[in-house]
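Trainee: Chain residues, written in single-letter form:
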Amino acid sequence: MPDVVEYAIRGVPMGCVFALVAIGIVLTYKTSGVLNLAFGAQAYVSAALYYTLRDPDRFGWPMVPAVVVSVLIAAPALGWFLDRALYRHLRTAPPVAKLVVSLGLLVAIPQIVNLDFLLGSQAKLAPPGVASEDPIYVAGINTSANEIVTVVVAVLSVLGLGLLFRRTNLGLQMRAVVESPRMTQLAGVNADRVGSFAWMLSSLFAGLAGVLVAPLFAQLTDLDFFGLLIAALAAAVFARLVSIPMAFAGGIALGVGQALAAGVLPADNVLSTGFRSVLPFAVLFGLLLFWPGLRDHAGGGDPLAGVDPPPPSPGGFVRPRWMTVLNRSLAGAGLVVFVVATLAVFDEFWLRVITQGIILSLIFLSVTVVVGLAGQISLCQAAFAAVGAFATAQLVDKTGMSVLVAMVVGAAVAAALGALIALPALRLSGIYLALATLAFAVMFENVLVPLEAVSGPTRQLKVPRPLLAGIDFANNRAFLLLCTALLALVAGIVLLIRNGTTGRALTAMRSSELGVASLGLSTGRLKVIAFAVSAAIAGFGGGLMATFERQMGRQVYQANFTFFVGLVWVVLVITLGARTVPGAVTGGLSFVLFRQILEKVLGVSATLAGSVSFILFGLGALTYAKHPEGIVEAQTQRFVRLVSRRRAHPPDDAPTAVDPVAPAEARP
Amino acid sequence: MAKRWGIVVAVCALAAGACGNSTTDSSQANGDEPVGTLGTVSAEDLTKNVPVDAPGVTDTAIKVGGVASTTNVLELQVDQAFKGAQAYFDMVNSRGGIYGRQLELVAERDDQMVNNAAEVQGLISQDEVFAILPVATLLFGGAQTAADAGIPTFGWNINPEWGGPPNLFNEKGYICIDCATPAQPWLAQEIGATKVGLLSYAVDQSADCAEGVKKSFEKWPTAELAYSDAVPYGATDLSVQVSKMREAGVDFVTTCMDANGSVTLAKELKAQQLDIPQYMQNAYDQRLLDEFGDVLEGGYVLTIPASLEVPDPPEGLRNFKEWIAKVPGAEANELSLAGWLNADLFYRGLVGAGPEFSQAKVIAAINQMEDWNADGIVPHVNWTFEHDELRPESCGVISQVQDGAFVPIFAEPGKPFTCTSNTADELVTEHRG
Numbered sequence: 001m002p003d004v005v006e007y008a009i010r011g012v013p014m015g016c017v018f019a020l021v022a023i024g025i026v027l028t029y030k031t032s033g034v035l036n037l038a039f040g041a042q043a044y045v046s047a048a049l050y051y052t053l054r055d056p057d058r059f060g061w062p063m064v065p066a067v068v069v070s071v072l073i074a075a076p077a078l079g080w081f082l083d084r085a086l087y088r089h090l091r092t093a094p095p096v097a098k099l100v101v102s103l104g105l106l107v108a109i110p111q112i113v114n115l116d117f118l119l120g121s122q123a124k125l126a127p128p129g130v131a132s133e134d135p136i137y138v139a140g141i142n143t144s145a146n147e148i149v150t151v152v153v154a155v156l157s158v159l160g161l162g163l164l165f166r167r168t169n170l171g172l173q174m175r176a177v178v179e180s181p182r183m184t185q186l187a188g189v190n191a192d193r194v195g196s197f198a199w200m201l202s203s204l205f206a207g208l209a210g211v212l213v214a215p216l217f218a219q220l221t222d223l224d225f226f227g228l229l230i231a232a233l234a235a236a237v238f239a240r241l242v243s244i245p246m247a248f249a250g251g252i253a254l255g256v257g258q259a260l261a262a263g264v265l266p267a268d269n270v271l272s273t274g275f276r277s278v279l280p281f282a283v284l285f286g287l288l289l290f291w292p293g294l295r296d297h298a299g300g301g302d303p304l305a306g307v308d309p310p311p312p313s314p315g316g317f318v319r320p321r322w323m324t325v326l327n328r329s330l331a332g333a334g335l336v337v338f339v340v341a342t343l344a345v346f347d348e349f350w351l352r353v354i355t356q357g358i359i360l361s362l363i364f365l366s367v368t369v370v371v372g373l374a375g376q377i378s379l380c381q382a383a384f385a386a387v388g389a390f391a392t393a394q395l396v397d398k399t400g401m402s403v404l405v406a407m408v409v410g411a412a413v414a415a416a417l418g419a420l421i422a423l424p425a426l427r428l429s430g431i432y433l434a435l436a437t438l439a440f441a442v443m444f445e446n447v448l449v450p451l452e453a454v455s456g457p458t459r460q461l462k463v464p465r466p467l468l469a470g471i472d473f474a475n476n477r478a479f480l481l482l483c484t485a486l487l488a489l490v491a492g493i494v495l496l497i498r499n500g501t502t503g504r505a506l507t508a509m510r511s512s513e514l515g516v517a518s519l520g521l522s523t524g525r526l527k528v529i530a531f532a533v534s535a536a537i538a539g540f541g542g543g544l545m546a547t548f549e550r551q552m553g554r555q556v557y558q559a560n561f562t563f564f565v566g567l568v569w570v571v572l573v574i575t576l577g578a579r580t581v582p583g584a585v586t587g588g589l590s591f592v593l594f595r596q597i598l599e600k601v602l603g604v605s606a607t608l609a610g611s612v613s614f615i616l617f618g619l620g621a622l623t624y625a626k627h628p629e630g631i632v633e634a635q636t637q638r639f640v641r642l643v644s645r646r647r648a649h650p651p652d653d654a655p656t657a658v659d660p661v662a663p664a665e666a667r668p
Numbered sequence: 001m002a003k004r005w006g007i008v009v010a011v012c013a014l015a016a017g018a019c020g021n022s023t024t025d026s027s028q029a030n031g032d033e034p035v036g037t038l039g040t041v042s043a044e045d046l047t048k049n050v051p052v053d054a055p056g057v058t059d060t061a062i063k064v065g066g067v068a069s070t071t072n073v074l075e076l077q078v079d080q081a082f083k084g085a086q087a088y089f090d091m092v093n094s095r096g097g098i099y100g101r102q103l104e105l106v107a108e109r110d111d112q113m114v115n116n117a118a119e120v121q122g123l124i125s126q127d128e129v130f131a132i133l134p135v136a137t138l139l140f141g142g143a144q145t146a147a148d149a150g151i152p153t154f155g156w157n158i159n160p161e162w163g164g165p166p167n168l169f170n171e172k173g174y175i176c177i178d179c180a181t182p183a184q185p186w187l188a189q190e191i192g193a194t195k196v197g198l199l200s201y202a203v204d205q206s207a208d209c210a211e212g213v214k215k216s217f218e219k220w221p222t223a224e225l226a227y228s229d230a231v232p233y234g235a236t237d238l239s240v241q242v243s244k245m246r247e248a249g250v251d252f253v254t255t256c257m258d259a260n261g262s263v264t265l266a267k268e269l270k271a272q273q274l275d276i277p278q279y280m281q282n283a284y285d286q287r288l289l290d291e292f293g294d295v296l297e298g299g300y301v302l303t304i305p306a307s308l309e310v311p312d313p314p315e316g317l318r319n320f321k322e323w324i325a326k327v328p329g330a331e332a333n334e335l336s337l338a339g340w341l342n343a344d345l346f347y348r349g350l351v352g353a354g355p356e357f358s359q360a361k362v363i364a365a366i367n368q369m370e371d372w373n374a375d376g377i378v379p380h381v382n383w384t385f386e387h388d389e390l391r392p393e394s395c396g397v398i399s400q401v402q403d404g405a406f407v408p409i410f411a412e413p414g415k416p417f418t419c420t421s422n423t424a425d426e427l428v429t430e431h432r433g
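Chains as they are written, first to last, in the working numbering: chain A, 1 to 668; chain B, 1 to 433.
In case anyone wonders, no lab produced these hints; they're calculated from the structure.
Only a predicted model underlies this, so the values are computations on that prediction, with no experimental measurement involved.
Heads up, the beta-carbon is just placed ideally off N, CA and C, and yes, glycines get one too.
Careful: at least some of the hints might be erroneous.
To be verified - Taking beta-carbon pairs under 7 angstroms as the criterion, some of the chain B residues facing chain A (in silico): (1) Val-114; (2) Ala-202; (3) Ser-228; (4) Asn-260.
As the list claims (entries may be wrong) - No farther apart than 35 angstroms at their CA atoms in a straight line, the calculated lysine-lysine pairs in the DSBU-like style are these: (5) Lys-326/B / Lys-600/A; (6) Lys-600/A / Lys-172/B; (7) Lys-214/B / Lys-398/A; (8) Lys-215/B / Lys-195/B; (9) Lys-195/B / Lys-172/B.
Construct all of the structure, not just a fragment, from the sequences and the given hints.
Mentor: Here's what the structure looks like:
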């Protein structure tokens, strides 16, 4: 048998794994309209449960009952719960809102599963497969019963789901509910029941994929499932998120492509190695840019969507004068208290924690620009921050440049990269743009960060603290004050942008790209500006983080800038309020302070404190559909209304917030 | 709008003109000046209790604290390092402690992998410990903080950050990941291998390790490096790589991967019936053998502190096994042994510093040790240069997986270590205790 054919055949089982996950993603999108980034997390739930049930030290169940409980009972139950508790209320929400909610679940679900009183925080050695893993030889090539089961299940899934959607009323109803739940109900179909079934089916698929895939890993961790999901997304996008046979074909093609690349390209070659590492993500990125039909597909909509009017824009909320005065007074008093506490109260530990929170607040302002102002979902903000940090460290190390100047240059480098990434944004929007930025973030982490030219040598590069006008910021208290001043400066710049011509154009674009274009403004130029400014802010914050840590390299990257951490950042800022500066600042401080307060002040164990933080951050995103303006802004508006009512001066000019998911008859 | 931007740019330019880089090295500002030659401490001195003004020291106790990645995504029981340190302190305290004081492990922080620098800072400024030990973390972002503070710090050496600063110590001395070392060429020679395969991950530390392996076989060409590849991190399918190794006639495969990678490779070798031994960098873990012993059978591991299974174990190892068994929840493994060794080095530093000890004196005392071996567990570390310089010879214990257990195969009773010169062109080897 020629080598090439052998390599291709060897890629088929892995291709079926990709296909299985891709089919699950497509199934979920097709039946619920949700690009479910939490699919891997759902798969992990079943895999972890299956492991626990089979673990001889815990339950020691045989294979069949363990599969029945973890795949046939637990997985559909999780799907039913997600539908009843969340997605049922989001059917008419925009796709981006559903994506944000799935991102929240992606963060929260594994943390919940890993709680000690559930399945345990420690990673688990992989469970045995549902079938034997002993080698079987077919045409001289080894495989195993477990791999054959995976292939068979993938093939049967394509056939079974094809029949379901083409030959049964239920399949038709599931698709109809996604298109227009109201229209479906008018046709006498119980949309809620059909929607629940769709979620139970897709969740069952996630469970099946989880249990079949688990034995591939020597250890069972949620991150592995997420990595697999990202790779499988390429196959799902190849299927335009709707065609199950094409998802299957895409998965197989990806598996075979990887095997061929490993077999045919020269081994032990930097370019070859880099290419193979990046293949699934490059394919995803390329498909998003050039695969015809993706943009057209996003244009579909519910013919009865007008029944649910959109919520009022934040611009419509007129802040009363007293609120502005109160805000400024509180901010001033808070600043005085903060400076006094910095100089006299905080010990070195809390100084460090708060400084980190301030720097993250600065970085989070980049989310305010790109998501809050421009309405573009970017999942690669951590990569931009890392670019700024690496550039700062390399410049200081190689040229001896002043660190503050290096931070500004690093911000410029990040801005250039942001503008480059924005070019795809000219062709994409919504969930596809989010996916493109996610693919870039993963590529950055897997391909660029390991390069010495990017991240420096194995040992961290030293990055000194700044020396400004004779003040040595090696002192941690002085450095915290410097960071606070820089945060105020960048926040001021963001406010200048928001209130200026560019900001108004960006805000208008967020509401309607078509409307902006009809005014003669270039949406492409606006997107490039938004991404470039956002990346510059993130890059500047990254440089500040490098000088804060006094070093930069791959370890600092791992601790601060991984793409997964970047996802949590975006979820957190969107939850708290991506459209306002206080949302970003609250997010930055919460990210580091919440866990530390739980642990160091309230005495919660470190493991539980970390889990609870991520669970709350993740679950917070579930409020996004109801409060797209963010929790901070929503509570501010609520406070204003409350006070106004008590002063017997109803705010006639302030529109009342409308719950976009509440039934029409329940609205004021 | 343009005017506003102009103001912003001008402010930035002015700030840039006025700024430079701090050259402050706070490590020079902390602690006492290093002392000169330390006098010999008598047994009587070890019980002498004199007032000491140092963080974490009271009339009755010397307090230390450590940090571990207790919450981690890998199957690593790094918190066992605390148990190992506690076992050593229990042993010392049962003999009356030192300088009339008990050794106390007062803080066991969890850095959750990514909060290392903050937790190290917390040990210094909140727990106010005399020394940081053990550090058993997957990332050591707090190295700079500890180095700047000039606090004696002891840990598990898996990160390059352990090299350099004079107050950072570990359980095995300096390691150079990308340097030529003779262990693998020597092993290939001993088992009669002629063609070697090398698998690593396409990530930096793994790539550095692979570079070291290549240099090693270039310097000591006991076997031909017939196949080498770097796969994406976490790769779960190595079927093509194993197929190509078979084509290349590989009869010994060495890896720069984690335990997951070793298990994946071992499964594929078995599936393709390629019966060749695997040298595994990170697989010295009995629990791994309990789960995957059948596929890892015949593989080799190298341990630099003596492995727990060496015949006729040295005194230090016997003490370790005796005292670790008394600590609730403790297991005798690589991590608890690392914690024990950290505590041992710290104790010997205290002894060297004398009754009027300080942090700086402990650091200075250790840095004058030319032959630390923890009663036979460690292959003679010379701390006068082993912060950032490779020793002239490599020593370790090579074990083979046999019937689901690690069996030291080249150790001799009382001489567990196989030592080979790093500098000689020939492989000159001897067994040492």
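Trainee: Hint by hint, which ones does the structure fall short of?
Mentor: Violated: none.
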